[in-house]
Amino acid sequence: MATNGSTPASTPLVDMREISIAFGGIRAVDGVNVDLYPGEVVGLLGHNGAGKSTLIKILSGAYRPDAGEIRINGEKADIGNPRDAKRYGIETIYQTLALADNVDAAANLFLGREIMTPWGTLDDVAMEAAAREVMGRLNPNFRKFKEPVRGLSGGQRQSVAIARAIHFNAKILIMDEPTAALGPQETAQVAELIKQLKAEGIGIFLISHDIHDVFDLADRVSVMKNGKLVGTARTSDVTKDEVLGMIIMGKSPPGAIAGPGAVH
Amino acid sequence: MSQSTSQSTIAPAPARPASPPQAPAPSLLGALELDVRFLGMVGALAVIWIVFDFLADGTFLTPRNLWNLSVQTASIAVMSTGMVLVIVMRHIDLSVGSILGVTGMIMAVFQANYLMPSFGFNHPAVAVLTLAAGIGIGALIGTLHGFVIAYLGVPAFIVTLGGLLVWRGAAWAVAEGKTIPLVDDHFKLLGGGADGSIGAFWSWVVAAMACAVIVLATLQARRQRKRFRFPLKPVWAELVTAGVGCLAVIAATLVVNAYTLPAALARRYAEANGMAVPPEGLAISFGFAVPVLVALAIGVIMTFVTTRTRFGRYVFAIGGNPEAAELAGINTKRVTLMVFALMGGLAAIGAAISTARLNSATNAQGTLDELYVIAAAVIGGTSLAGGSGTVAGAMLGALVMQSLQSGMVLMRVDTPYQNIVVGIVLVVAVWVDTLYRKRFK
Numbered sequence: 001m002a003t004n005g006s007t008p009a010s011t012p013l014v015d016m017r018e019i020s021i022a023f024g025g026i027r028a029v030d031g032v033n034v035d036l037y038p039g040e041v042v043g044l045l046g047h048n049g050a051g052k053s054t055l056i057k058i059l060s061g062a063y064r065p066d067a068g069e070i071r072i073n074g075e076k077a078d079i080g081n082p083r084d085a086k087r088y089g090i091e092t093i094y095q096t097l098a099l100a101d102n103v104d105a106a107a108n109l110f111l112g113r114e115i116m117t118p119w120g121t122l123d124d125v126a127m128e129a130a131a132r133e134v135m136g137r138l139n140p141n142f143r144k145f146k147e148p149v150r151g152l153s154g155g156q157r158q159s160v161a162i163a164r165a166i167h168f169n170a171k172i173l174i175m176d177e178p179t180a181a182l183g184p185q186e187t188a189q190v191a192e193l194i195k196q197l198k199a200e201g202i203g204i205f206l207i208s209h210d211i212h213d214v215f216d217l218a219d220r221v222s223v224m225k226n227g228k229l230v231g232t233a234r235t236s237d238v239t240k241d242e243v244l245g246m247i248i249m250g251k252s253p254p255g256a257i258a259g260p261g262a263v264h
Numbered sequence: 001m002s003q004s005t006s007q008s009t010i011a012p013a014p015a016r017p018a019s020p021p022q023a024p025a026p027s028l029l030g031a032l033e034l035d036v037r038f039l040g041m042v043g044a045l046a047v048i049w050i051v052f053d054f055l056a057d058g059t060f061l062t063p064r065n066l067w068n069l070s071v072q073t074a075s076i077a078v079m080s081t082g083m084v085l086v087i088v089m090r091h092i093d094l095s096v097g098s099i100l101g102v103t104g105m106i107m108a109v110f111q112a113n114y115l116m117p118s119f120g121f122n123h124p125a126v127a128v129l130t131l132a133a134g135i136g137i138g139a140l141i142g143t144l145h146g147f148v149i150a151y152l153g154v155p156a157f158i159v160t161l162g163g164l165l166v167w168r169g170a171a172w173a174v175a176e177g178k179t180i181p182l183v184d185d186h187f188k189l190l191g192g193g194a195d196g197s198i199g200a201f202w203s204w205v206v207a208a209m210a211c212a213v214i215v216l217a218t219l220q221a222r223r224q225r226k227r228f229r230f231p232l233k234p235v236w237a238e239l240v241t242a243g244v245g246c247l248a249v250i251a252a253t254l255v256v257n258a259y260t261l262p263a264a265l266a267r268r269y270a271e272a273n274g275m276a277v278p279p280e281g282l283a284i285s286f287g288f289a290v291p292v293l294v295a296l297a298i299g300v301i302m303t304f305v306t307t308r309t310r311f312g313r314y315v316f317a318i319g320g321n322p323e324a325a326e327l328a329g330i331n332t333k334r335v336t337l338m339v340f341a342l343m344g345g346l347a348a349i350g351a352a353i354s355t356a357r358l359n360s361a362t363n364a365q366g367t368l369d370e371l372y373v374i375a376a377a378v379i380g381g382t383s384l385a386g387g388s389g390t391v392a393g394a395m396l397g398a399l400v401m402q403s404l405q406s407g408m409v410l411m412r413v414d415t416p417y418q419n420i421v422v423g424i425v426l427v428v429a430v431w432v433d434t435l436y437r438k439r440f441k
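These protein sequences, in sequence, are chains A and B.
The numbering used here puts the first residue of the first sequence at 1, with every later residue one more than the last.
The numbering used here puts the first residue of the second sequence at 1, with every later residue one more than the last.
Calculated from the structure, these hints are not laboratory results.
There may be inaccurate statements among the hints.
[What the hints assert, rightly or not] Where chain B lies over chain A, by a calculated footprint (3+ residues, C-beta under 8 Å):
#: 1; stretch: 83-93
#: 2; stretch: 111-119
[Stated by the list, open to error] Just some of the chain B residues that point at chain A, by a computed CB distance under 10 Å:
#: 3; residue: R227
#: 4; residue: F228
#: 5; residue: F230
#: 6; residue: R308
#: 7; residue: G312
#: 8; residue: F316
#: 9; residue: G319
#: 10; residue: G320
#: 11; residue: E323
#: 12; residue: N331
#: 13; residue: S388
Idealized CB from N, CA, C, for every residue including glycine.
Model the full structure from these sequences, guided by the hints.
Next up, the structure:
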C-alpha cells in the first residue's frame with residue numbers, strides 16, 4: 001500500500017526542522033524533525049503528553065515555535081496564526097474538534113470562510129446547501145442541519161469537523177485522534193476517506209496514541225516521547241511490536257532512523 | 001420481541017424513504033418555528049401588565065401610560081442591544097451608565113458652547129453634529145475599553161468597573177458638576193414629548209411600512225429556501241406568523257394614536273397651525289414617539305447585524321467556543337474591540353435620548369443604567385455563560401424592567417421597595433431561565 005509516498009525523491013510538502021517550544025520551563029517539543037510528502041500518510045505516535053498535539057498545533061498556527069523552521073514545498077513558511085496556516089492549504093481536525101457548540105453545522109463548516117451574498121450578508125441558505133452536499137458524502141444519515149452542534153452525537157460532531165477540513169481543498173491535512181469519538185463502522189469510514197484523500201495527493205499527518213489506528217494506514221511513523229523524536233520509520237520496515245517499543249521505551253529499532261529522543 | 005415494539009433497523013432493511021431533507025412530522029409550534037423562550041417572555045409581560053392594571057386601578061393599561069412606558073424604555077432598550085453582544089462574547093460592560101453620563105454631558109457642552117454660537121439657534125446642523133460628536137466619543141471610549149480587554153488581556157469586568165468610575169468622574173469634570181441645558185429644538189425631538197412624536201398619519205405610514213417589510217421578508221426567506229429545494233414552512237404557518245406580526249404593529253399604532261394631546265396643548269397647537277377648534281375639543285394624537293422609533297430602528301439594525309453579517313456570526317462563535325473561533329482563523333481580538341466600540345456608540349445614543357428627554361445633561365445621568373441594561377439583556381434570555389441571546393429578547397427584557405418600575409410608580413410604591421422588587425424579579429427570571437435550559441436543552 002505504501003506505493004505513493006515510498007519514493008520521496010521530490011521536495012517534501014511539509015518539512016518541520018528542529019522545532020522547539022517550551023511552556024513555563026517545560027520543553028513540550030524539543031528539537032523535532034518531521035516531514036511529509038504529497039500523497040503520504042505519516043503517523044505521529046506517542047503517549048499522551050509526548051508532544052504530538054503541540055507539534056501539530058505549531059504547524060496549524062495555534063502556537064508559534066520558540067525555535068526551528070517550517071518549510072512548505074521547500075520554501076520557508078511563516079505561520080503566525082491559523083489564518084496563515086489555512087493560506088498554505090493546511091487544514092486541521094483537532095482532538096477537541098474545535099466546534100462552536102452554539103451554532104449549526106453549516107455555520108461551523110464555514111466558520112471564518114463564510115459564503116456571502118452580493119450584498120455582503122451571510123448566505124446561510126447557500127452554506128446550508130453546501131453543508132448538505134458535503135455531509136451527504138461523509139455521513140449520509142446526517143439530518144440535523146438546523147440544530148446547534150451541541151445537540152449532535154460524538155460521531156456527528158466528528159463528521160462536521162472532518163467536513164470542515166476537507167471542504168476547502170486542503171493540501172496538507174492534520175488529523176488529531178480523528179476516530180476518538182467514533183464507533184467501528186464510522187472508524188472504517190474515516191479510514192476509507194483517508195485512502196481516498198491520499199490518492200488525491202494530499203499529505204496527511206495522522207496523530208494517535210493508539211498504534212492500531214495508525215499502523216495500517218500510515219506509510220511512515222514518527223514516534224515522540226517526552227517532547228523529543230524517538231525515530232521515524234517506514235511501516236514496511238518495522239513491526240508493530242517494534243513501534244510499540246519506540247512508544248513505550250523510546251528504543252529505536254534497526255529499521256528506523258533514530259532521533260535525538262532514542263535511548264541507546 | 002413483539003411486532004409492535006421492534007424497530008425497523010432490526011427488520012431486514014425495509015427500503016428507507018430516500019427522500020431529500022424532509023422535516024419530521026412537525027408539531028404545531030414546530031411548524032411555526034417560533035422561539036418558545038420569546039413567547040414565554042411575551043406571556044410574562046402580558047401577565048405583568050394585567051396584574052398591574054388590576055392593582056393600580058386601571059391606570060396601567062391606558063394609552064397614556066403605555067405611550068410613556070414606550071418612551072421610558074427607549075434609552076435602556078437601545079443600550080441592551082449592544083449588551084447582548086457583549087454578554088454573548090462572555091464579557092460584561094459595567095461602564096455603560098457612566099459612558100451615557102459623560103457623552104450626554106459632552107454633547108450638551110459641545111452644543112451650548114460651540115455649535116450654537118457658530119451655527120445659530122435651531123440650525124439643523126446643530127442636532128446632527130451634536131449626535132455625531134456624542135456617538136463618535138462613545139465609540140472611542142468603547143474602543144479604548146475593547147483595546148485594553150482584547151489586546152492587553154485585562155478582564156472586561158475590571159476594565160469596565162474602572163470605566164464606571166473614570167467616566168462618571170469625567171462627566172463631572174466636563175462641566176464641573178453643573179447641569180447643562182439643551183436648547184436646540186431639533187435635538188429635543190429625540191426625547192419624545194408632544195413635539196417629538198410623529199402624529200397619527202405618519203404613525204400609520206410607519207405601520208404600513210413595517211407590515212410591508214414583514215411580508216417581504218417572509219416572501220424573501222421562502223424564495224431563498226425554494227432556490228435550494230429546502231423543506232418549506234407550511235403556508236398557513238407563514239400566514240400566521242406574518243399575520244400576528246402585522247397585527248402587533250397595528251395594535252401598537254392604535255394605542256399610540258389613542259393617546260391625544262391634553263386640551264390646553266391641543267388648543268395651542270391648533271392656534272399655531274391656524275386650525276379651527278371644534279366645540280367638542282380637538283383630538284390630536286401623539287403617535288409613535290421619536291425615541292421609540294429610534295430604538296426600534298436600532299433593534300432592527302442590530303438584529304440584522306447579529307444574524308446576517310459575518311461580524312455577528314463571529315461574535316456568537318466566539319461566545320460558543322473562543323478557542324475554536326481562534327483556530328478557525330477569526331481575529332477574536334479585533335471582534336472583541338469592535339463589540340465594545342459598538343457598545344460605547346449605543347451608550348451615546350442612549351445618552352442623546354435621555355438628555356433630550358430631560359432637556360438637560362446632569363452629572364448623575366445614567367447612574368445605575370449599566371445594571372438595568374444588563375438585567376434587560378439577561379431577562380431577555382441572554383446567557384451569562386456566553387453564546388446565546390437575541391436582540392429582540394433584550395429589548396423585550398428592557399420593556400419588562402420598565403413595566404415593573406412604571407407599574408410600581410402607579411401603585412405609589414416607594415423607590416427603595418421598587419428596587420427590592422426589581423432585584424428579586426431579576427433573580428427569579430434568571431432562575432426560571434436556568435430551569436428552562438435544563439429541561440429543553
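Hints, one by one, checked against the model:
{"no.": "1", "hint": "83-93", "in the structure": "holds (count 3)"}
{"no.": "2", "hint": "111-119", "in the structure": "holds (count 5)"}
{"no.": "3", "hint": "R227", "in the structure": "7 Å, holds"}
{"no.": "4", "hint": "F228", "in the structure": "4 Å, holds"}
{"no.": "5", "hint": "F230", "in the structure": "7 Å, holds"}
{"no.": "6", "hint": "R308", "in the structure": "4 Å, holds"}
{"no.": "7", "hint": "G312", "in the structure": "8 Å, holds"}
{"no.": "8", "hint": "F316", "in the structure": "6 Å, holds"}
{"no.": "9", "hint": "G319", "in the structure": "7 Å, holds"}
{"no.": "10", "hint": "G320", "in the structure": "4 Å, holds"}
{"no.": "11", "hint": "E323", "in the structure": "7 Å, holds"}
{"no.": "12", "hint": "N331", "in the structure": "8 Å, holds"}
{"no.": "13", "hint": "S388", "in the structure": "6 Å, holds"}
In terms of the numbered hints stated before, the structure departs from none.
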